[in-house]
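Enquirer: Below are the chains, spelled out letter by letter.
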Amino acid sequence: MGRLSKYIRPYVGYIILSMVIKLVGAVMELFVPYLMEIILDDVVPSGGRRWVFIYGALMLLCAGGCLLANIIANRMSAISSGKITLAIRHDLFERLSSLSARQMDQLTVSSAESRLTSDTYNINQLLARIQRLGVRAPILLLGGIVMMLGMDAPLSLVLIIMLPAIALIVYFVTRASVPLYTKEQGVLDKVVRVLQENITGIRVIKALSKTEYEKGRFNQVNQELTDVDQKAGIISGITNPSASLILNLGLTVVVVAGAYRVNAGSCQSGVIVAFLQYFVMILNAMLGVTRIFVIWSKGEASAQRVADVLATPADLTVLSAPAEKAGEESHGAVPHVEFRGVSFSYTGIGQNISHLSICLMRGESLGILGATGSGKSTILNLLMRFYDPDQGQVLIDGKDVRTIPPEELRPKFGVVFQNDFVAEGTIADNIRFFRHLEDDSLQRGAEDAQAAEFIAAKSGGMNAPVAVRGNNLSGGQKQRLLIARALAGSPEILVLDDASSALDYRTDARLRRALRSGYRNVTTILVAQRVSSIRHCDHILVLSDGQVIGSGTHEELMESCEEYRMIAHTQMGEEKEGA
Amino acid sequence: MGGKNPVEEPGRGLRAASGAQQPRGRILYRLWRYMGRSRLLLVLALILSFSSSLLSLYGPKLSGEAINAIDLGAGKVDFAVVWRCAALMAACYVLSSLFTFLLNVVMVRLSRRVSRQMRHDIFENLAALPVGFFDRYQTGDIISVVTYDVDTVNQSLSADLLQILQSVVTVVMSFVMMLTIAPELVLIFVVTVPATVVFTKWLAGKVRPMFRRRSARLGALNGFVEEMLSGQKTIRAYGQEEAVLERFDEKNKAAVDAYTVAEAYGTITGPSVNFINNVSLTLVCVFGSLLFLKGRVGLGDLSSFVQYSRKFSGPINEVANIISELQSAFAAAERVLSLIDAQPEAPDAPNAEELGEVKGDVEIRNVDFSYLPGQPIIHDFSLHAQPGSLTAIVGPTGAGKTTIINLLMRFYDVDGGAIYVDGKDIRTLKRDSLRRAYTMVLQDTWLFHGTIYDNIAYGKPGATMEDVVRAAKAARIHSYISRLPEGYNTILSDNGTSISKGQKQLLTIARAMLLDAHMLILDEATSNVDTRTEQEIQAAMRELMKGKTCFVIAHRLSTIRSADHILVMRDGRVVEQGTHESLMAADGFYRQLYLAQFEAA
Chain A
1 MGRLSKYIRP YVGYIILSMV IKLVGAVMEL FVPYLMEIIL DDVVPSGGRR WVFIYGALML
61 LCAGGCLLAN IIANRMSAIS SGKITLAIRH DLFERLSSLS ARQMDQLTVS SAESRLTSDT
121 YNINQLLARI QRLGVRAPIL LLGGIVMMLG MDAPLSLVLI IMLPAIALIV YFVTRASVPL
181 YTKEQGVLDK VVRVLQENIT GIRVIKALSK TEYEKGRFNQ VNQELTDVDQ KAGIISGITN
241 PSASLILNLG LTVVVVAGAY RVNAGSCQSG VIVAFLQYFV MILNAMLGVT RIFVIWSKGE
301 ASAQRVADVL ATPADLTVLS APAEKAGEES HGAVPHVEFR GVSFSYTGIG QNISHLSICL
361 MRGESLGILG ATGSGKSTIL NLLMRFYDPD QGQVLIDGKD VRTIPPEELR PKFGVVFQND
421 FVAEGTIADN IRFFRHLEDD SLQRGAEDAQ AAEFIAAKSG GMNAPVAVRG NNLSGGQKQR
481 LLIARALAGS PEILVLDDAS SALDYRTDAR LRRALRSGYR NVTTILVAQR VSSIRHCDHI
541 LVLSDGQVIG SGTHEELMES CEEYRMIAHT QMGEEKEGA
Chain B
1 MGGKNPVEEP GRGLRAASGA QQPRGRILYR LWRYMGRSRL LLVLALILSF SSSLLSLYGP
61 KLSGEAINAI DLGAGKVDFA VVWRCAALMA ACYVLSSLFT FLLNVVMVRL SRRVSRQMRH
121 DIFENLAALP VGFFDRYQTG DIISVVTYDV DTVNQSLSAD LLQILQSVVT VVMSFVMMLT
181 IAPELVLIFV VTVPATVVFT KWLAGKVRPM FRRRSARLGA LNGFVEEMLS GQKTIRAYGQ
241 EEAVLERFDE KNKAAVDAYT VAEAYGTITG PSVNFINNVS LTLVCVFGSL LFLKGRVGLG
301 DLSSFVQYSR KFSGPINEVA NIISELQSAF AAAERVLSLI DAQPEAPDAP NAEELGEVKG
361 DVEIRNVDFS YLPGQPIIHD FSLHAQPGSL TAIVGPTGAG KTTIINLLMR FYDVDGGAIY
421 VDGKDIRTLK RDSLRRAYTM VLQDTWLFHG TIYDNIAYGK PGATMEDVVR AAKAARIHSY
481 ISRLPEGYNT ILSDNGTSIS KGQKQLLTIA RAMLLDAHML ILDEATSNVD TRTEQEIQAA
541 MRELMKGKTC FVIAHRLSTI RSADHILVMR DGRVVEQGTH ESLMAADGFY RQLYLAQFEA
601 A
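The listed protein sequences correspond, in order, to chains A and B. Sequential numbering from 1 applies to the first sequence in our numbering. Sequential numbering from 1 applies to the second sequence in our numbering.
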């Protein structure tokens, strides 16, 4: 929890206030039986009927004050813990969405999800409960001890000696249970993952009749969760009985020791009676305090998991631009997009891209062709700075992308990835994609992406609902929606990664025509498998295993590149037969 | 993205998945049935809790005796008694603590067992739900039920129910004692106890929707988080982290507000009931004093009556608190039960046949279908595929091609007409056996967190490494795999940025190559695979398709030219059918489509 203290700090004053109010309530609450004692012990025997009513009224007053104070304090604790959680979640989500792809791969989405909800929820609960329970118990504990010390110091020493023993138990149990709760949250990640996979893969699982197998897989993680949860529950359950055992044994010692002291005439037997009374109070307070530690253990495990993410060092930071470099380059025409001797590997073993150089002027188009896994998408990942190259530089307008702040870099792009993300909402939501775009832009994007027709055919048009993961759209409709998204923002650089693979040829051809006529000044990078999709590009790269094995225009490549020719022949060969 | 008004209503949240908000009694009964499965533990818990309370009550009695022995004064203390009492006390406390510890163990076991069972039941039903269910609800929302709601139910169940049972005993005992002392004073409780009951009931009714909202909004938050994290790359590409964060903040605020409100109101119960008790205490005290002054009761009686009334109100206080806490359990239980009760796929007909050896004769006869009533996707569709034939389905996107697959696999049932396999209406067959008769490769690749080996061997348990390697080689993905540092043992992570879409497709093709069903469905199976690789795997694909009834959806018309039968679909209707040659000769829509792919524009 300490690592999250900066979130608590702004509310310290507020929390203290609520605790003071809680304290007032607790004192009021103690006054009720106290006043009652007075009535029974003093007022009634003296026979004052008036005083009975006065003290009765006082009791009601205290009861009312106690009610008010508790409601207010509870409300305040709910509010402050909520606000703290709000801030933690906000920062956590912000941090998560700025994690680099590499970091997210390591963390996994399911773990990120449960940290954001389940763990922060635990923290919220921890904060609220500690505030609710955290005043009375410690105060009563302290108060009880002080009262006892005042009555008979030697006897109370017996009990005070017991306190370190309890502290030790609490310490060890907490130390043992925090890792267990951490583990529990880790297993919860697994449960989340299995669920996630089963929901997204439901069709495949049913098709392969793997339902029983998946049930087995879930049962396994379910059992694992149950086991660790059980273990954590049993271990934290040690504190309570052992603390009361120690205190009770202490009490027994007090009775015996008291017997000797009374026998020796050094104290009154009444003191022992009073001792027993306070003792019950201390015991209850002690149990309250240990309960707080149990709550704390669970919250602590979650707090650590949240703090771990928050403390992840920033990856892909913005470098400061070397000044002379920029001046030197501003002479001639600066390429819009440039790769200079770029090499990159995802795993550090082998190379996904090696010594790649690309140079595109504004408005030019680049087509990238290559076998599956040859590094096409990797080029885009580097261009958009999802990863940094191991060697070489990626430049936009002569500036290394590592020196361009993301808020400048990202708006330059309109992009569609393979199998891109469609969110639940409406069609317009998906095209707008959180940006502040006019409806006209959405419409234009949709038209150019050849999506306008199917959108118009849906009831509701632009406001037609899109189901979870776009499941009510066909593959081709999804792709056109995504392209509309890319076009609607009037990008400087358009990146389409195999974005039209699910389109039939007619639609694809219409799309290409629209791109050529309406987006002349847009530098375009197309990754495709069809020669026909890229043959009109100004530059074409043919990749194989991260190496450029051919580059030039369609005509040049037909001459010079064996691989390209083969691909073209297999696809275009049919043209002759078909035509 | 949740539309314009994400805060007001937590989407089409799961809360309403099974429709009705169930009556409380029904929920309680079903929760009880979960507990009741471990009756032995429950009985054990009761015995343990009673004996540990008895023992701890016995302690003060012993200490009282000891004090009496001490009270004899200086020099006269009866040490024999003191020591005996002390020894008994120690024994009592040791046993009592031991029982408390054991009680906790039992309760933890009991409640975790219930959680496990609930999660189990949810998953069982999820597996039986029609695929359409998952198109309607956010994955994260469903997950939130399994993680958060199940946990909430059990936190209350384990701690609270036992306490209620314990409290009831104390209340009854104290009440009897009070009656014997001063029946007139008990009249006060005739007013205050019902007041407590009415108040608690009223508040519970108020608080319950708040807890319901708390569950729903946490689920909505989880749904949002899940969705946005899965789209993170795109969000970053568009630099929309801030905007998404804003949306997140709305959902976050909605969730936290719901929590705060539920918490603030939920915690009113305790102090309020405490207040009512204090009022009754005051009344007892005042009227008791008046009675004493009139000489109706003795001072000692009054004092012990007050003691008992405190004992009496303590547990009532507890119970009231617990009832308010139970509201959160009820709200969570509603969501849990709604998933457990969600309508599963209609069960197989009782006399459903096992589809054994299949020839592969598939007939679709006059089929009508729509996902949403009033929006027909397929009308009067017919098709007959002979065993071993290759049927290709082509047409513009959105023409209903994938729907046909959904119907063949019986992910959905037809609205009109029927589908026959080997002359049997597929609705008379066991679903599992029908689905097993197909091998299916979809455009949407699905890989799970596990090794590459596990992913390829997924459809064929017990496949050897050799089988897997052979399939991978045929699917032209072997050389990529062997270049990975961990080879076939490489774990695929869910984001999997280092593996391309095309490679994923090749992996799923390798998975399919290990299966030997008699019918094959390829839905854009190679759409992300480059043409060269596609050519290379052609031989293997042909091998895969040999002797099987195949349904191929492809936009690359080159891949389907050799089909026995080509269906050209447009707007849910088959507009043309025939072979490639006959369709080209007919000079219709197919020819247009076919030529368009080479259109140089």
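Keep in mind that the hints were calculated from the coordinates and are not lab data. Errors might be hidden in some of the hints.
[Claimed, not checked] Below, a list of computed lysine to any residue pairs in the SDA-like style, where the Cα atoms sit at most 25 Å apart: (1) A/458 to B/124; (2) B/206 to A/71; (3) B/253 to A/2; (4) B/201 to A/2; (5) B/233 to A/98; (6) A/215 to B/30; (7) B/253 to A/90; (8) B/61 to A/129; (9) A/412 to B/451; (10) B/61 to A/274; (11) A/6 to B/245; (12) A/210 to B/464; (13) A/210 to B/356; (14) A/215 to B/451; (15) A/210 to B/461; (16) A/458 to B/571; (17) B/233 to A/83; (18) A/458 to B/206; (19) B/233 to A/273; (20) B/76 to A/274; (21) B/294 to A/87; (22) B/253 to A/79; (23) B/253 to A/87; (24) A/215 to B/124; (25) B/253 to A/9; (26) B/206 to A/129; (27) B/233 to A/2.
Enquirer: Now tell me, hint by hint, if it's right for this structure.
Expert: Going down the list of hints, with the structure as the test:
no.	hint	verdict
1	A/458 to B/124	35 Å, violated
2	B/206 to A/71	16 Å, holds
3	B/253 to A/2	24 Å, holds
4	B/201 to A/2	40 Å, violated
5	B/233 to A/98	10 Å, holds
6	A/215 to B/30	23 Å, holds
7	B/253 to A/90	10 Å, holds
8	B/61 to A/129	35 Å, violated
9	A/412 to B/451	38 Å, violated
10	B/61 to A/274	15 Å, holds
11	A/6 to B/245	21 Å, holds
12	A/210 to B/464	18 Å, holds
13	A/210 to B/356	18 Å, holds
14	A/215 to B/451	19 Å, holds
15	A/210 to B/461	10 Å, holds
16	A/458 to B/571	13 Å, holds
17	B/233 to A/83	29 Å, violated
18	A/458 to B/206	42 Å, violated
19	B/233 to A/273	71 Å, violated
20	B/76 to A/274	21 Å, holds
21	B/294 to A/87	63 Å, violated
22	B/253 to A/79	12 Å, holds
23	B/253 to A/87	10 Å, holds
24	A/215 to B/124	7 Å, holds
25	B/253 to A/9	20 Å, holds
26	B/206 to A/129	22 Å, holds
27	B/233 to A/2	32 Å, violated
In this structure, the earlier hints numbered 1, 4, 8, 9, 17, 18, 19, 21, 27 are contradicted, and the remaining ones agree with it.
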